Amino acid sequence: MSDKLKIGFYWCASCGGCEVSVLDIDEMILEVVELADIVFWPCAMDPKYEDLRAMEDGSLDVVFINGSIRSKENEEMAKLLREKSKKVVAYGSCSSIGGLFGLGNLYSREELLEYGYNTPSTDKGGVIPVENSKVPEGELHLPPLQHHVRPLDEVIEVDIYLPGCPPLPNQLKEGLPLILQGKVGKYDLVSQKSVCDQCPLEREEKRIPRLYPIQEKMLDPESCILDQGVLCMGPATAGMCEAPCPSVGHPCIGCNGPVRGVKDQGARMASALASVLGAEGEERMDESELKDVVNSVRDPTGSFYRFSLPKSYFRYKRRDIHG
Amino acid sequence: MTSFEPKIIVFLCNWCSYGGGDLAGVNREQYPPNVLGIKVMCSSRITPEHIMESFMDGADGVLVTGCHPGDCHYIDGNYKTFRKMDMVSRMFEDLGINPGRLRLEWISSAEGNKFARVMREMTQLVRELGPLELKEEV
Numbered sequence: 044m045s046d047k048l049k050i051g052f053y054w055c056a057s058c059g060g061c062e063v064s065v066l067d068i069d070e071m072i073l074e075v076v077e078l079a080d081i082v083f084w085p086c087a088m089d090p091k092y093e094d095l096r097a098m099e100d101g102s103l104d105v106v107f108i109n110g111s112i113r114s115k116e117n118e119e120m121a122k123l124l125r126e127k128s129k130k131v132v133a134y135g136s137c138s139s140i141g142g143l144f145g146l147g148n149l150y151s152r153e154e155l156l157e158y159g160y161n162t163p164s165t166d167k168g169g170v171i172p173v174e175n176s177k178v179p180e181g182e183l184h185l186p187p188l189q190h191h192v193r194p195l196d197e198v199i200e201v202d203i204y205l206p207g208c209p210p211l212p213n214q215l216k217e218g219l220p221l222i223l224q225g226k227v228g229k230y231d232l233v234s235q236k237s238v239c240d241q242c243p244l245e246r247e248e249k250r251i252p253r254l255y256p257i258q259e260k261m262l263d264p265e266s267c268i269l270d271q272g273v274l275c276m277g278p279a280t281a282g283m284c285e286a287p288c289p290s291v292g293h294p295c296i297g298c299n300g301p302v303r304g305v306k307d308q309g310a311r312m313a314s315a316l317a318s319v320l321g322a323e324g325e326e327r328m329d330e331s332e333l334k335d336v337v338n339s340v341r342d343p344t345g346s347f348y349r350f351s352l353p354k355s356y357f358r359y360k361r362r363d364i365h366g
Numbered sequence: 082m083t084s085f086e087p088k089i090i091v092f093l094c095n096w097c098s099y100g101g102g103d104l105a106g107v108n109r110e111q112y113p114p115n116v117l118g119i120k121v122m123c124s125s126r127i128t129p130e131h132i133m134e135s136f137m138d139g140a141d142g143v144l145v146t147g148c149h150p151g152d153c154h155y156i157d158g159n160y161k162t163f164r165k166m167d168m169v170s171r172m173f174e175d176l177g178i179n180p181g182r183l184r185l186e187w188i189s190s191a192e193g194n195k196f197a198r199v200m201r202e203m204t205q206l207v208r209e210l211g212p213l214e215l216k217e218e219v
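In the order they appear, the protein sequences are chains A and B. The first sequence: position 265 = 308 (our numbering), numbered continuously. The second sequence: position 66 = 147 (our numbering), numbered continuously.
Calculated directly from the structure, the hints in this document are not laboratory data. Computed from a prediction, not measured in an experiment: that's the story for all the values here. Treat each hint with caution, since some may be false.
Below, a list of computed lysine to aspartate or glutamate pairs in the DMTMM-like style, where the Cα atoms sit at most 20 Å apart [unchecked claim]:
(1) Lys360/A / Glu217/B
(2) Lys360/A / Glu130/B
(3) Lys334/A / Asp152/B
(4) Lys306/A / Asp138/B
(5) Lys130/A / Glu119/A
(6) Lys229/A / Asp196/A
With the Cβ distance kept under 7 Å, some of the chain A side facing chain B (calculated, not the full set) [to be verified]:
(7) Ser314
(8) Pro343
(9) Phe357
(10) Arg362
Built from N, CA and C at the ideal position, the CB exists for glycine as well.
So that you can see chain B by itself, here it is in the shape it has in the complex (with noise of 0.2 Å):
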């Protein structure tokens, strides 16, 4: 077995998965500590740059959360990173990215249990695709 053990940048919305996170914590949820949560005030604050940076510097996967379609503190926000998460996964498999390693997932603040279990699994998707190796060639 690899001693493999990926590093998963989580960005959170404010207003919903970053307080599902909350509940995970309060509810002793168990999940690996290979995610790295970053909060912003909505998920559409999240720009594709974001997540190319975030590959560039290393991390093996991203995750992106926002609020339940509908439930967006700012009317729309969810529904802007859905399009943008679309397109991005789209242009990872172009570029030949394995596009597991981005997810767009909708987290309440009431999940908690959900927050502990997409982060569960997405650590063990990652942890199977194996590291992002981004081997520069000339």
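With the rest of the complex left out, here is chain A (with noise of 0.2 Å):
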């Protein structure tokens, strides 16, 4: 036997680019493979479920979850893959904040797969999978679909976070070794800097009198988006990723998540932007003209929560208004 760690990669309700990304690190996946064995990636390899379950328990050092939690399957598999790793580490955006599928919980689970299977969009008319069905063949099992999108952390304990969509190489150069020598703590690839932080652009400090889709915008690739009118998570999202898209003239989205600390990434939007709206003169403005001014924001819940609805207050739509 080496005495190489043993590691895994593991998905769940993710759309595989978090696997692709670890391939993002080029040679530097050489190393990795020095200093470890990878015993379980279904994505990669072909791995059985039985196989996993006939290891002992705690037998894996270090497993990467990524993806959030929507199917039954997905929850029991993170589950079984606690009990036999030493560490999970939360790999992405999904599992570690919920994700962009989080924002399936703006809706239920019925109005989705309504949705999915029997508009016109689809197929009207079309079959809505259930858990067990019988085809000619034999019974068929599905796992079923949970109410809600959940990140990892409501379904087992974390050790360590490292949102992305996808973690970028800079991130895993800088965190995968410190993860595999057990250097890192629970937040500590969470970074405490916003993207504004790190962003190249020039911001000058001033009003925005109101906020433009960005179709509708000329943008000048040399200063602030949020300046020019355009709306940027920049201001609420945490900066590992030292700021490519601003860098290449697109708006941040969020989708690192918050910054380290903070539980609510569309809260802190609206602050920010709070404090930045508004056109000069404002005090001689009546409350519909006021009202103009922050209705140009759009959708504050779907870009606010883009990533990280799972994880703020609410969590998901709740059912308080009737009728």
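Work from the hints to combine the two standalone chains into their complex.
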């Protein structure tokens, strides 16, 4: 037996991008393989769940789990991997903060299934998958969807968070060796600084009269995107990424989630935006004009919580509004 | 009839609305005891997190009060509050929380009767809406 570490990768409700991002570190993967044996990686190898179940508890050293918890299978596998592994890393935004799929929490599970399988844009009269179904070849079982998308730490205990959609090579090159050597704490890989802090664009301290949809603005590539009146999530987003999007003229969409220690990214963004928005001479405006300015922030829920809804205060759509 | 007594958190700005509340007391204005006041230096100190935390901790309604537009002790704090509250109430609608549970009101320190009236109205409205049930579903 080698004394190398044993590591594993697993995907829950995930797009697969995180799995690919592991290879973004290029030749450094060789260093990782030198430190550790990858013993479980359904995306790249062909292990069976039975093999994992047969392993002794705690026999894996580190497991990187990406994707959020959407189905019962996700939850079961997360719990199983927790038993088998000494350390669990929430890899990527989905498992750390819920991720893009978390926006599904603005609808009920039934509404989503109906929309996905039974609307004119798909197949009108389509078949909604159920847990058990009989086909000529026998009986089929599907893992049932749960009511909501949840981040990994609502199901199992997480040892290290590594958000990012997906985590970028610079994060991994710095973080992976530290994780494998056991040198990082729970939140050490979540930045305390925002994307704005690392953004190379020029920010003037000025008020923003109103926001515009990005397609209505010709953006100056040198100056702050928010200053120019296009919503950029930079102020409320953790900046481990070194601001690649604003650097090339695209507003930050908030994929890293909130900075370390902040619970609710959307709330922070609303605060940040409220204090910079507003035209000069607002004291002469009446209420409807003031409202007009703030209404230029379109879809605050969808924009501010694009990646972090399952880890916000409310987490999913509640049923307080009747009729 | 139900015996539901709503819990309402009221954030009062130090310079206007708290004075309004004082005046309501001096004038012996009647208002229900369901409101729990918290004094802050300025209404713009209230972040969306305070409001959400209040609801998660069992409040049925949250009322944010501040100086009238143009009267803010800190020049433009209440404009910030206005924008913040507008975004938050739209977020609440999307998140299935009745926006009626959240209210922004301008109360000056001369408006003791308005203070009492707003407290009565808010308590009445939240009583009709019923308790905020944030039942956990898995």
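Comparing the hints with the structure gives:
At most 20 Å may separate the alpha-carbon atoms for a hinted pair to count; Lys360/A and Glu217/B meet this at roughly 11 Å. As the CA atoms of Lys360/A and Glu130/B are separated by approximately 17 Å, the hinted pair is consistent with the 20 Å bound. With a C-alpha separation of about 18 Å, the suggested pair Lys334/A and Asp152/B falls inside the 20 Å cut-off, and the hint holds. Restraint check: the Cα-Cα separation between Lys306/A and Asp138/B comes to about 15 Å, which is no more than 20 Å; the hinted pair holds.
The straight-line distance between the Cα atoms of Lys130/A and Glu119/A is roughly 17 Å, inside the 20 Å bound, and the hint therefore holds. Between Lys229/A and Asp196/A the alpha-carbon distance is near 12 Å, which keeps this suggested pair within the 20 Å criterion. With a cut of 7 Å, the hint placing Ser314/A at the interface with chain B holds, because the nearest CB-to-CB distance is about 5 Å. With 7 Å as the threshold, the beta carbon of Pro343/A comes within range of chain B, its nearest partner Cβ sitting at about 5 Å, so the hint holds.
For Phe357/A, the suggested interface contact is upheld, since its CB lies about 5 Å from the closest CB of chain B, less than 7 Å. Taken as an interface hint, Arg362/A checks out: its beta carbon lies about 6 Å from the nearest beta carbon of chain B, inside 7 Å.
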